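Chain F: place on chain H using the hints.
Going down the list, the protein sequences come from chains H and F. If you count by the working numbering, then the first sequence holds residues 1 to 370, one letter each, in order. If you count by the working numbering, then the second sequence holds residues 1 to 152, one letter each, in order.
Be a bit skeptical, because a hint or two may be false.
[To be verified] Label pairs and their in silico Cβ distance ranges:
no., chain 1, residue 1, chain 2, residue 2, range
1, H, ARG253, F, LYS132, 51 to 59 Å
2, H, HIS274, F, LEU85, 37 to 45 Å
3, H, GLN323, F, ALA49, 39 to 47 Å
4, H, LEU316, F, ALA49, 49 to 57 Å
5, F, ASP13, H, ALA303, 49 to 57 Å
6, H, GLN323, F, GLN148, 33 to 41 Å
7, F, ASN27, H, HIS274, 34 to 42 Å
8, F, LYS57, H, PRO7, 49 to 57 Å
9, F, ASP81, H, LYS44, 45 to 53 Å
10, F, ALA73, H, GLU272, 20 to 28 Å
11, H, PRO7, F, TRP78, 24 to 32 Å
[Claimed, not checked] From the derived model, a few chain H residues whose C-beta atoms are all more than 10 Å from chain F:
no., residue
12, ASP2
13, VAL29
14, ILE209
15, SER237
16, PRO260
17, SER369
Derived from the structure by calculation, the hints contain no laboratory data. Since the structure is predicted, the reported quantities are computational estimates derived from the model, not experimental observations. Glycine included, C-beta positions come from ideal geometry on N, C-alpha and C.
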Amino acid sequence: MDMENLPREIIEDILLRLPVKSLKRSKCVCKKWCSIISQPQFAKIHLHRPQTQARTRLCIVNSEERSDINVVSNVNDDNGELLDLDCLTDIKNVMNSTKQGYILDSCDGLLCLVDSYNHAVLWNPFTRQYNHLPINHHHVYRRNSDYFRIEPGVGYFVDGYKIENFYGFGYDSCSDDYKLITGYFWDYDNNSRIDVFSLKSNDWRSITIHSEKHHATILYEKGVFLHGAAHWIAASSSSANPIILAFDFEEERFKEMAIPIKNYEARLQAIEGHLYVYDDKEYLKERWVMKDYGVEESWTKMASPNSYPYPCKYQLLDFLNNQHLLLINDEKVVLWDHKENKEYNAMTYEKLLISEITFFTETLVSPHSC
Amino acid sequence: MITLRSSDGETFDLDEVVAVELQTIKNMMEDGCAESVIPVPNVEGKILAKVIEYCKKHVKSTAKAEEHALSDADLKAWDSDFIKLDQATLFDLIMAANYLDIKSLLDLLCQTVANMIKGKSPEEIRQIFNIKNDFTPEEEQEIRRENQWAFQ
Numbered sequence: 001m002d003m004e005n006l007p008r009e010i011i012e013d014i015l016l017r018l019p020v021k022s023l024k025r026s027k028c029v030c031k032k033w034c035s036i037i038s039q040p041q042f043a044k045i046h047l048h049r050p051q052t053q054a055r056t057r058l059c060i061v062n063s064e065e066r067s068d069i070n071v072v073s074n075v076n077d078d079n080g081e082l083l084d085l086d087c088l089t090d091i092k093n094v095m096n097s098t099k100q101g102y103i104l105d106s107c108d109g110l111l112c113l114v115d116s117y118n119h120a121v122l123w124n125p126f127t128r129q130y131n132h133l134p135i136n137h138h139h140v141y142r143r144n145s146d147y148f149r150i151e152p153g154v155g156y157f158v159d160g161y162k163i164e165n166f167y168g169f170g171y172d173s174c175s176d177d178y179k180l181i182t183g184y185f186w187d188y189d190n191n192s193r194i195d196v197f198s199l200k201s202n203d204w205r206s207i208t209i210h211s212e213k214h215h216a217t218i219l220y221e222k223g224v225f226l227h228g229a230a231h232w233i234a235a236s237s238s239s240a241n242p243i244i245l246a247f248d249f250e251e252e253r254f255k256e257m258a259i260p261i262k263n264y265e266a267r268l269q270a271i272e273g274h275l276y277v278y279d280d281k282e283y284l285k286e287r288w289v290m291k292d293y294g295v296e297e298s299w300t301k302m303a304s305p306n307s308y309p310y311p312c313k314y315q316l317l318d319f320l321n322n323q324h325l326l327l328i329n330d331e332k333v334v335l336w337d338h339k340e341n342k343e344y345n346a347m348t349y350e351k352l353l354i355s356e357i358t359f360f361t362e363t364l365v366s367p368h369s370c
Numbered sequence: 001m002i003t004l005r006s007s008d009g010e011t012f013d014l015d016e017v018v019a020v021e022l023q024t025i026k027n028m029m030e031d032g033c034a035e036s037v038i039p040v041p042n043v044e045g046k047i048l049a050k051v052i053e054y055c056k057k058h059v060k061s062t063a064k065a066e067e068h069a070l071s072d073a074d075l076k077a078w079d080s081d082f083i084k085l086d087q088a089t090l091f092d093l094i095m096a097a098n099y100l101d102i103k104s105l106l107d108l109l110c111q112t113v114a115n116m117i118k119g120k121s122p123e124e125i126r127q128i129f130n131i132k133n134d135f136t137p138e139e140e141q142e143i144r145r146e147n148q149w150a151f152q
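Isolated chain H, as found in the complex (with noise of 0.2 Å):
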């Protein structure tokens, strides 16, 4: 038995196991391995594979032009290793434009890139491919419309009414689609508006929400998705503290959850599968993973880690199976060893200013509606 005898169904076996690239070089060798990869049921199905729900990378977008994306290659890959820097691409050639764009969320291994006059891009990084969203024509503008720029708690405002403005990006599994969301809180009463883009039928449409009890605020514009709903932190009518709004892409509808951070420093993050709260200002102190999804009581604490490599200041992005953790500054993306109190692997860059990080998985999802 040789290679270009297997059944067809062994080679896809095969194939599945493969990363991106190499996924890519494969097509290039016969017209049978060019035609099982581009099926669309093969992207799904690679998709769905533990070695590609392994496969984390990290996105770092250079502020000082916000024009570099550099992609941190393998935060955790099959063997366990950091990889090296890759500079992909220059956003422009993404964004198409020359206003400033921010990577809103990541989903299935595409990025959805936002920019401040609500054009947004659902990207790719590792198949290339990008796709421009049409115009949400639903979309408030201002009265005056020559400038606005979306800020967090500060919205913009129409016919005099403050608007709250929010964002979120991410998978609807009952109708096989992906949704970007544009959400409004009116300041006047207890409604918010939706507007949902899906892919699918590669359109708008517009849905009113009617606040069953109190009215909650979003803090922080950039929605985190995972479990079918981008999430929130938001400041409670009903309580001192801070909550998160959750939005249920199927059900479409909101809910509530406790976070057990009790001020407003409180940020999310989404990392394979699980919810993270930390404090934005004691991020060694205070992190806590929802270990059962939706379950209050689940929220755990992590431990501090035993060392960090002080004077050095760095962001804790993630705890590596207990023993590392990932950490950046202006210089460097470093895998710490906090037991060991040593650098495990660094990658240095020249010139860097973080202005946004995303963990994205990598994956052959197409950006655009089939």
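Relative to chain H, chain F alone:
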């Protein structure tokens, strides 16, 4: 005790506890249609021998953790030795593991092949596996252009 007979007439005796690692055989036993000697027409003797060798090793590890139990690390080391095979045997084993429905063996073998593909250029892959390039020059140029970044 179960007896398997390969395509070329070799017979192999197995304890039941080993035989159930081969899902196809297990199904036959459960359906009551397992006879005294079970023919395995698609698999020749030397391949069947290797399949049985794998199953015997892996049964010992899932059985109660007694003196014979191998640690995970030991088993992994044994597996890495096991897969040091020529290509023809490797693919014959894949076909056998698929036919006999031995999930863990198929998984190990497919992963081995995937590791051979990873990081190689299309030319290298074709050479290793003796695959014919059936693209026309124009088609090949187009495909490479679409995926060009993967070659950097």
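Here is how each hint holds up against the structure:
{"no.": "1", "hint": "H:ARG253 - F:LYS132: 51 to 59 Å", "verdict": "56 Å, holds"}
{"no.": "2", "hint": "H:HIS274 - F:LEU85: 37 to 45 Å", "verdict": "40 Å, holds"}
{"no.": "3", "hint": "H:GLN323 - F:ALA49: 39 to 47 Å", "verdict": "42 Å, holds"}
{"no.": "4", "hint": "H:LEU316 - F:ALA49: 49 to 57 Å", "verdict": "54 Å, holds"}
{"no.": "5", "hint": "F:ASP13 - H:ALA303: 49 to 57 Å", "verdict": "54 Å, holds"}
{"no.": "6", "hint": "H:GLN323 - F:GLN148: 33 to 41 Å", "verdict": "39 Å, holds"}
{"no.": "7", "hint": "F:ASN27 - H:HIS274: 34 to 42 Å", "verdict": "39 Å, holds"}
{"no.": "8", "hint": "F:LYS57 - H:PRO7: 49 to 57 Å", "verdict": "26 Å, violated"}
{"no.": "9", "hint": "F:ASP81 - H:LYS44: 45 to 53 Å", "verdict": "36 Å, violated"}
{"no.": "10", "hint": "F:ALA73 - H:GLU272: 20 to 28 Å", "verdict": "25 Å, holds"}
{"no.": "11", "hint": "H:PRO7 - F:TRP78: 24 to 32 Å", "verdict": "28 Å, holds"}
{"no.": "12", "hint": "ASP2", "verdict": "6 Å, violated"}
{"no.": "13", "hint": "VAL29", "verdict": "5 Å, violated"}
{"no.": "14", "hint": "ILE209", "verdict": "42 Å, holds"}
{"no.": "15", "hint": "SER237", "verdict": "50 Å, holds"}
{"no.": "16", "hint": "PRO260", "verdict": "36 Å, holds"}
{"no.": "17", "hint": "SER369", "verdict": "19 Å, holds"}
Consistency with the previously given hints fails for numbers 8, 9, 12 and 13, ordered from lowest to highest.
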